[in-house]
Every structure is written in structure tokens, then in C-alpha cells.
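Engineer: Below, each chain spelled out in residue letters.
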Amino acid sequence: MEKKIRVLVAKVGLDGHDRGAKVLARFLRDSGFEVIYTGLHRTPQEVAMAAVDEDVDVIGISLHSGAHLALVPKVIRYIREYGGNPDEMLILVGGVIPTDDIGELKKMGVDEVFIPGTPISQIVEFIKTELPKKRMKNES
Amino acid sequence: MRVDELVEGILSGNRRALARAITYVENEYPESKEIMKKIFANTGRAQIVGLTGFPGVGKSTLVSKLTEEFRRRGKKVGIIAIDPGSPFTGGALLGDRLRLDGMDSRKPLWTDPGVFFRSMSSRGRAGGLAAKTGDVVRLLDAFGFDVILVETVGAGQSEVDIIEVADTSVVVMMPETGDEIQVNKAGILEIGDVYVVNKADLGGAEKVERWLKYMLSLDEESVQMLSQMTHADEARVASGEFFERRKGWTPPVIKTVADKGEGIAELADAIEKHFDYMKNTGLIEKRRKERIKRELFEIVTGDILKLVKERTNYRDVINSLLKNELDPYTAAGKIVEEVLCSAKKG
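If you read the sequences in order, they're chains A and B. Going by the numbering used here, the first sequence wraps up at 323, each residue one higher than the last. Going by the numbering used here, the second sequence wraps up at 347, each residue one higher than the last.
The set of hints was computed from the structure by calculation and includes no laboratory data. Watch out, some of these pointers could steer you wrong.
In the EDC-like style, the derived pairs of lysine to aspartate or glutamate whose C-alpha atoms are separated by at most 16 Å in a straight line are [claimed, not checked]:
(1) Lys186(A) with Glu29(B)
(2) Lys311(A) with Glu264(A)
(3) Lys307(B) with Glu339(B)
(4) Lys320(A) with Asp294(A)
(5) Lys108(B) with Glu313(A)
(6) Lys186(A) with Glu32(B)
(7) Lys290(B) with Glu165(B)
(8) Lys261(B) with Glu338(B)
(9) Lys34(B) with Glu296(B)
(10) Lys187(A) with Glu29(B)
(11) Lys307(B) with Glu338(B)
(12) Lys38(B) with Asp5(B)
Chain B extracted, bound-state conformation:
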């Protein structure tokens, strides 16, 4: 398909065009830049929701149930589900589609015209996303989905790239996944706008919930106060009511039993509420500005690197480095100078 056909198709609701455009973008075909340029003006409307958490906490089931809930609320839902690619062969088993069984006589949700599901391989990238997730989200946005759910790989404690894509990050946990030190660690457990304790019918859900609430109740001031705290205070801290001074959004902690549909409506409420909060406080512009800046710098870096490869004698410089005739900083300076000079000449 030609670029114009694809763009027109996407904007007029042709799923085949959307599917093909995703392939172009994912594989970085030359046409993909043109597609992204042409659809950009039609993006920025959807709420982008990321779901992240360790493997096995039930992210796919939550995505499935949330999709049903958002559909009931009249919203169109696009889903990107990312699974890991093999570091050895580059192959991947993209297995999240089969979790998308709807409630109505097990008719899969992906057959609903208001739902689009696409599996992506992380293709070796760490951080929980695939390299082109951001662009694929934009394609879904331009197509007209109201909510875009991005399910991350589900790898581990440093899987935090989702905050670079999502307006609302949902961190999913389950009982028996650690202690209160875990919830105070940096990384995945500090990025949530909404927290979920899934599989809450297993024992120990209250404990995780309590730890999360405790962690979330601590701001800078309160961490100071903590040193003077009595045992009686600790109970109130655990209940989450001790620190009322936290400004703005306190991430809610929601207990769910996804496969039974319990807590799903509350979770959808929280996600919608967070979007409203972001819009009302202007936080969404702030986040999106950060995101677009990062993206711009990434593209510029890539373009400059391309120029370096095309227009400089970087191979000679590398050889000089190997022979210790140059140090890396001086070498980089030389290359930057060379690129700038060649750019001036045109």
C-alpha cells in the first residue's frame, strides 16, 4: 500500500491500513516517517494507559477486563501488548491475544469493532517496551481510539519506560511478592499513578495494600517526621490517613480479582479520574511536553549520528583511539566539529 492510501485508511477507520502501517513503523521502513508526519496532526486525543508489573501478576487478564469495562462505558479501545523477544534468535512468542476472551460465550474481544489488539515483540530492547511503541500508540490515537492500553513486557524492577509513553501508569502487584522494603525501592514501584493488588482473593492481599498505601503516604516532609514517630502513629500511617498534606494526586491502591471481574469498575474509575486530574491541573501538558522533548532529542541524536556515519572519517578516528593516539573526548570533539563544518557547507 502507498503512504497516502495508508494515511487515508487510518484516518477513515480502515483496520487493514492501520495494521499495515504498524508493520511499516515497527520495521522502520522508509515510508514510516512519512506516515508519522502525516498523521501527527490527528493525535493527542486518546488517554494512554500503561499497565506494568512482574510476570504472572495478571496484566493480560486485567487488560481484557478493563477493555470490556471501557467498552461498556462507550469507549473505543486500542491495545498494544508487548512480549519479550529472544536475545538469542530474535524470535518471540506473542501470547497475550489468547487472554482476550470476552465474557459473551467466550467470543474474543478482538472481534469487537471497537477494539483493536496488536502484539509486539520488544525485539531485544530493555525497559519493557518495544522501540517503536510510541509511534504505534500515535497510529492508534489517530485512528480514533479513546483509550489506548499498553501492556508492558513484565520483566522486573527497572521496567520503567512506560512512563515515557503513558498518561496514566498502572502498576500491578499481587500478594506475596515481597515485603515493605520492596515497596520502598526505586524503579517500577514508584512510577504508578494507580496501583493494583490483583489476585486479591489470595491470602496476604491486605498486607501488600497496606504497604503500598504506607509507601504512597510518605512525602519529603513526612519521611522527616517518621524518625519521631510512636507505635500508635504507625497504625495510622498504615491506614493511609496520617499524611493529609500530600498535595494533588495520591495514587489509589485498588484490589482486584481480575479473572472474576472484581474491582475492575473501580480501577476504570480511577484511571478516568486520573485523566481528569491531569487535564484539570495542566499536568498532562507538562508530561506531554517532557515526552515530546525527549522524543525530539532522540530523533535529532539519531539524525546527527547518521551524518557522522555518512560525512566523517569516524573509522580513522576509531583506529586512532585503538592506538591510544587520541582519547575518546578529543575524538568526539573532532567528529562533532567535522559534522558541523560539513553541515555548513551543505
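Just chain A, same shape as in the assembly:
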């Protein structure tokens, strides 16, 4: 059977805006992915645990609170701490992210940042092309 791409759509921290996350989850579903939504107000540790237990290929973290520089590296660190390997997964961040911070996030291990206005099809395209590349890179 063909491996289905599993995506964790995560809301981290205190912000309660999940319309975007839910729309994304629905679009990803319609694009043939298996999507797991965490619900609101998760801690970085909880998101990491869910990602490892569900053995997902992609983590999409949605943030509107401005706390991305503090929270995202924690998620990545906890994945490792919990026995997972963030180099096997695509780590995506979406939401209200100042363009100045995008480079910083990428240095922390984020594969791509999608700001408001990004067509969702672009996210799907990114996952489909970049996931195999990242996997190959990790295996070699």
C-alpha cells in the first residue's frame, strides 16, 4: 500500500485563532493527506509528543501570538527529547510572522514559513516536493 503522508496541524501557546488551522486541515485532507489536528492551546511538549506518537511526516505549526521565536525551537527540541527525529519531518510554520523573523526560524530548523495570503495549494505543493528531498537527505 502506498504510504500516506501524515500531517500534524498544531496550535501552540495562548492564541485562540484556529480558523486558519482548520481551513488548512480541511484543504490538506482534500489533497489526500491524513491530517491530525491537536486542538487549541497546546504546549510545545504536547505537540512534540503527538508528532512522535502519530509518527507524522509533516508538522504545521500555526501561530498568531507573536511567540513563534520562543515556541517553535521548543517544539523541535522536544521532538528530539521524546525520541523523534525532526530531520525526518518537514517542519512548517504558518500565521502572522514578521518577514524579518523568517530567516531566524529557518536557522532554527523550520523548512518553510507561510504568511497570510499564501495560496494553500502552494503549501501542498511544497510538502509533495520537499518531503521526499528531505527524507533522502536524511538517509544519505
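Using the hints provided, position chain B relative to the given structure of chain A.
Structural biologist: For chain B alone, kept in the frame of chain A given last:
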């Protein structure tokens, strides 16, 4: 990860290994057979509990509350929650994890080391389960969970596959989901070892409870008697006390208000009691024997079909069928013969 690493990991309590092995099994990777072979000796200890019922009756909330209750009783709980896959795209929204909010300051239950939760897509299979549910249950069993809760898709009246996996099937209903004819229909409503009327704080819960008890009180003999019944008898039937002759296990009907935690301890009691009953009466061996037989036949069928595809001229046979030169029964006979001959030759 290599097979040995995964197996060792599972048996020594490494969740990452468990998570990865589930992925291998779910996607039928070549390694998955090896994993299943190696862990088999370590399975057969857990109580496997299936929860089924129509969409919206509160299965996920019940799973969450039951998990808390079993944890309080010192049991480790593995959960498989199955959601439907799209028939069009194959995609799925696996949304049951977010119901697993614990009571302690909304810390999700899945962060408890004694709990493991995994979402699965049915991937187009009907019947309420995913194709590899049985194997995933075994992985959780080998890992050392005492109770494994399997939450089915929640589709409809014929969603009965859960009895092929579970030791104890819990059928969940709620008020206003039909009348007494519904509860007498075949299918999902006859498979329960335990029945739950959830959302019992809504009006009409007693009615559903009464109908269920009535349905459960009827065995073969009593259905005969029913034809001669008076109105006065009917009341006693409804109360469930009329037919004392039912042997063995009469499935209890338990009213719950899952989101308020009401009735959960009673439900956990009933589930535990059913497991004891199954063990004491030898019924569990009987059920497991049935299950393993079905599974064996399924694997054998799959293997033989593989041989058919690899070693026979089935394509020619299909063409002959299309031209009406052969009928399907004769064609099948030919193919079986061909496979057996080739198997003899080795």
C-alpha cells in the same frame, strides 16, 4: 529503524519504536510481517475493548473518560481511534485526539506515560475498522498495555467488524435515536456485550434504556412466549426482570453523561466484569479461536491469490471469460489446479 531495533524497542517500552512499527504495519511495508512474527509470542494479555455507535453519540468523550478511569485503577491504556478516509482523495481528518483533554487543568491524556493514542484512517474500508487494526492492537498488546480501547469510525447500522477484534464490544447509543424497532434490528445493535445510553441528561434516555433492556431480555424461548403475552406481562418485560432464564451474560445497559463523568465508573466496572466472565467461562478462548481462524484463512487466501497472480495465466483466463468461452466456475477450477500443480513442482 531496523526490524530488530523496532521489536526490541516495543518490548522494552520505547514509544517511538511502537509509533514507527504502527506506521510500517499500517502501510504494509515488507518489514511489517517480520515485526508481527517476532512480537506474536508477547501478545494475548490485554483486554481489547471496542467502542462503536453512530456518529455523534459521544464515543470519543467516553474513550477519554474511560481512559481516566482505567488509569485511576492502575491500568495502562492504549487507544486506537479510527476515522473515515475520503473515498475521493484518500485523505482523512483524524480528529479524535483533541477530545482527549484530561481533567487536570486540561492537560491532554496522551501526555500521560501510561497512555498511548494513535489515530488511524479507515482508508476506504467499510465496517468501521482500518484493514490493519488487528495487527496494531497486537503491537499495543506486546508493548504492555492492560486495556486497549478501539474506537470505530462511527458510521452506521452494519458497522460490526469490531467483534472480530474486541474481547468486549461496547455499543453506544443516545436518546432520540429511533424506536423499539431500531433496537430489534440486526447489525450493530445486536453485537454489544455492554450497552451505553450516553447523553442520558437529554430527555428520553429512559425510553432507550427500556427498549434496549427489552431487546436484550428476549432469547429464543421468550420470543415464543411473547405471542401469548398479556399487557401486564409487557411491563415486567420492559423492566428486564421477566426472563430470568437467559443463561450466562446478559449485557448490561448503562446510562452515562460522558462529558460530566457520570456513569463512567459503572461502565468501567461492567467492562472489567465482562472480561472476568469471559475468562471464567472459557468464552474468551472460544472468541479468540474464532478470530485467529478467520485471520489465518485471510492470510492464506491472500498468499494463494498472490501465487495465482505470479504463477498462472490468469490474464488469458479473464479474456476467455470475456469472450464467453469459459464460465467463472470452470475458470476458477482451472486456476486452482494450475496453482496446486505449480506449488507441487516447487
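Engineer: Against each hint, give a clear statement of whether it holds in the structure.
Structural biologist: Now for the hints, and whether the structure bears them out:
1. Lys186(A) with Glu29(B): holds (9 Å)
2. Lys311(A) with Glu264(A): violated (27 Å)
3. Lys307(B) with Glu339(B): Holds, at roughly 13 Å.
4. Lys320(A) with Asp294(A): Judged against 16 Å, a Cα distance of about 13 Å means the pair holds.
5. Lys108(B) with Glu313(A): violated (34 Å)
6. Lys186(A) with Glu32(B): holds (14 Å)
7. Lys290(B) with Glu165(B): With Cα atoms ~11 Å apart, lysine 290(B) and glutamate 165(B) stay inside 16 Å; holds.
8. Lys261(B) with Glu338(B): Distance ~62 Å between lysine 261(B) and glutamate 338(B) Cα, so the pair is violated.
9. Lys34(B) with Glu296(B): It holds: about 14 Å lies between the C-alpha atoms, which stays within 16 Å.
10. Lys187(A) with Glu29(B): holds (11 Å)
11. Lys307(B) with Glu338(B): OK: lysine 307(B) and glutamate 338(B) at ~15 Å, within 16 Å.
12. Lys38(B) with Asp5(B): OK: lysine 38(B) and aspartate 5(B) at ~11 Å, within 16 Å.
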